[in-house]
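Student: Fit chain B to the given chain A structure using the hints.
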Amino acid sequence: MTRRHVFFAAVLLVLLALPLFLDKYALGIFVMIFFYAYVGQSWNVLTGYTGHISLGHALYIGIGAYATTFLAQTFGITPWIGMLVGGIAAVLIALFLGFLGFRFGIRGVYFVIMTIAFAEITRLIVSHVEALGSFSGIFVDFNPSFWNFQFRGNLPYYYISLGFMLASLVAVHLIEISKLGRFMVAIREDEEAAQALGVDTFRCNMFAIAISAFMTSLAGAFYANYIYYLHPNSLFGMALSIELILRPIVGGLGTLFGPVIGSFILTPLSEISRAYFSKGGLEGLHLILYGILAILVVLFMPKGIIVYVKRALHPILGTTNAE
Amino acid sequence: MLRVEGIDVYYGDLQALREVSLEVNRGEVVAVIGSNGAGKSTLLRTVSGILRPRRGQIMFNAANISQARTSRIVEQGISHVPEGRQIFPTMTVLENLEMGAQFPRTQKVQQETLAQVYAIFPRLKERRSQKAGTLSGGEQQMLAMGRGLMARPALMMLDEPSLGLAPLLVSKIFEIIQHIHRQGTAILLIEQNVFHSLKIADRGYVLENGQIVLSGSGRQLLENPHIRKTYLGL
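Protein sequence lines, in the order shown, are assigned to chains A and B.
Per our numbering, the first sequence starts with residue 1, numbered consecutively.
Per our numbering, the second sequence starts with residue 324, numbered consecutively.
These are computed hints drawn from the structure, not numbers from a lab.
Nothing here was measured: the structure is a model prediction, and the numbers come from that model.
Please note: incorrect hints may appear among the correct ones.
To be verified - Simulated pairs of lysine-lysine, BS3-like, Cα-Cα distance not exceeding 27 Å:
| hint | chain 1 | residue 1 | chain 2 | residue 2 |
| --- | --- | --- | --- | --- |
| 1 | A | Lys179 | A | Lys310 |
| 2 | B | Lys448 | A | Lys179 |
| 3 | A | Lys303 | B | Lys522 |
| 4 | B | Lys522 | B | Lys495 |
| 5 | B | Lys454 | B | Lys522 |
| 6 | B | Lys454 | A | Lys179 |
| 7 | A | Lys310 | B | Lys431 |
| 8 | A | Lys179 | B | Lys552 |
| 9 | B | Lys522 | B | Lys552 |
| 10 | A | Lys279 | A | Lys24 |
| 11 | B | Lys454 | B | Lys431 |
Said to hold, decoys possible - On the chain B side, residues computed to face chain A include the following (Cβ under 8 Å):
| hint | residue |
| --- | --- |
| 12 | Gln409 |
| 13 | Gly423 |
| 14 | Gln425 |
| 15 | Gln501 |
Each residue gets a CB set at the ideal place from its N, CA and C atoms; glycine is no exception.
Isolated chain A, as found in the complex (with noise of 0.2 Å):
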């Protein structure tokens, strides 16, 4: 358990001293490393964990960076306040959403058919409202100080995106030791035995909804301060919703480390080969390469990337009891 200890230390140090090393394209690469991992991770907790497949989760990212935005250039608010009144806007559709699915046993591709439409439907919505820029989008006015959650350069959202990464760790870890994460699990596994057992499934189910959707519309508040510009296609796409599950899904569904393997691997991919290709006129390629590579895991490691990287770990972390 020491050994465990002194590894994820060093590991930690490594992330807080490797700004040191790296210029500002490299340290772009990070953020959207740990804004992935995270988001990843926000999505794991109802995917990954409790076995509902979303397909929308773009509708949070997208409540939670056009609320503080909103919220920001309108009334002045706080980004720091606005991203909670935006987690709490997620929660409630999420709710909504949930309880429709969740009450009615709408599941399986009803489910994902329902979480897809909630973003569609909410993505059509924004890009009729005058107020949230509707179909050119917002920019996001620039005012650098730490109260508005807006800095000069990438150092600044290096540390706040690892500091997301490590807080959702956290956080799901403690999900995970908890009765509601034993239960989480128990309803993926077999939804009916567990209520068979006198799990309150409908409870555990909301809340999973509720606290990935919370989580994942934290993420909008930093991609709105982030990229300074929303449009409700990137923000409540097909395009966002996907790209974001495949991190936990190539990484390993279901696991504490799986998402963060997961961006660690497809992240650089993606912005490299994203930079590289689009040079010699070939944008989207890196697309492609994308599926084959999600085709590949599935095909020959259902059980993720993580599976491997433990095995490999192994002589440094001695036994490991999850998983």
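Tutor: What follows is chain B alone, placed relative to chain A:
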């Protein structure tokens, strides 16, 4: 102890149970037999609150539980061991068992109950830190039953515990059911294995097309010509 009074249960528009009434008294083993699709599992799922009756009511110790949540029903002492060994495959045997004891009443005595379960199923103790998905079919059935016992039920409902097991294991499972019964738990048993279940049952009901068509003591039913012809092929 358990009184089901004239329940009608539907899946959407499809009626699965018609005016089904039955009773389980304290200390009894009651068997419900019937062919595939007769509504046996539906009956258990309704008693444990997974499905709701559209008409009729279900009384447990003088309380009406027809609209109660499953968690309340389990807490009050009805434990449902679902069909097809629905265990949690990536959890260990011990974690599976712990899932069965999650109410304050059962958690307080969890270690004691665990020891009792291990005494009944020594195999589960040997395999306690193994993933449940790696157990054999018979062991998974034992785990499902052990998990049901962790809730310290007054009434245990078993859905096809012998399904898909080798004959030797079937006898073993029925022995264990009798053992659990002798320790003071009433049993409501749903089975396709008519011979075995009627032999250990105090009373039995025959369910056909969602209706109770026959009832009587286990012995009476075993001698009934309709049952001998339809279910035992004699």
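Student: Evaluate each hint against the coordinates.
Tutor: So, going through the hints one by one against the coordinates:
1. A:Lys179 with A:Lys310: 25 Å, holds
2. B:Lys448 with A:Lys179: 23 Å, holds
3. A:Lys303 with B:Lys522: 46 Å, violated
4. B:Lys522 with B:Lys495: With a Cα-Cα distance of about 14 Å, the restraint between Lys522 of chain B and Lys495 of chain B holds, given a limit of 27 Å.
5. B:Lys454 with B:Lys522: 35 Å, violated
6. B:Lys454 with A:Lys179: The given pair, whose Cα atoms are some 19 Å apart, holds under the 27 Å limit.
7. A:Lys310 with B:Lys431: Not satisfied, since the Cα-Cα distance of roughly 36 Å exceeds 27 Å.
8. A:Lys179 with B:Lys552: 50 Å, violated
9. B:Lys522 with B:Lys552: Holds: Lys522 of chain B and Lys552 of chain B sit about 17 Å apart, inside 27 Å.
10. A:Lys279 with A:Lys24: Holds, because 19 Å separates the two Cα atoms, which is no more than 27 Å.
11. B:Lys454 with B:Lys431: 25 Å, holds
12. Gln409: Gln409 of chain B check passes; min Cβ-Cβ to chain A is 3 Å, inside 8 Å.
13. Gly423: Interface hint status for Gly423 of chain B: holds (6 Å vs cutoff 8 Å).
14. Gln425: With Cβ-Cβ at 7 Å, under 8 Å, it holds.
15. Gln501: Since the shortest Cβ distance to chain A is 23 Å, the answer is violated.
Violated hints for the displayed structure, listed by number in ascending order: 3, 5, 7, 8, 15.
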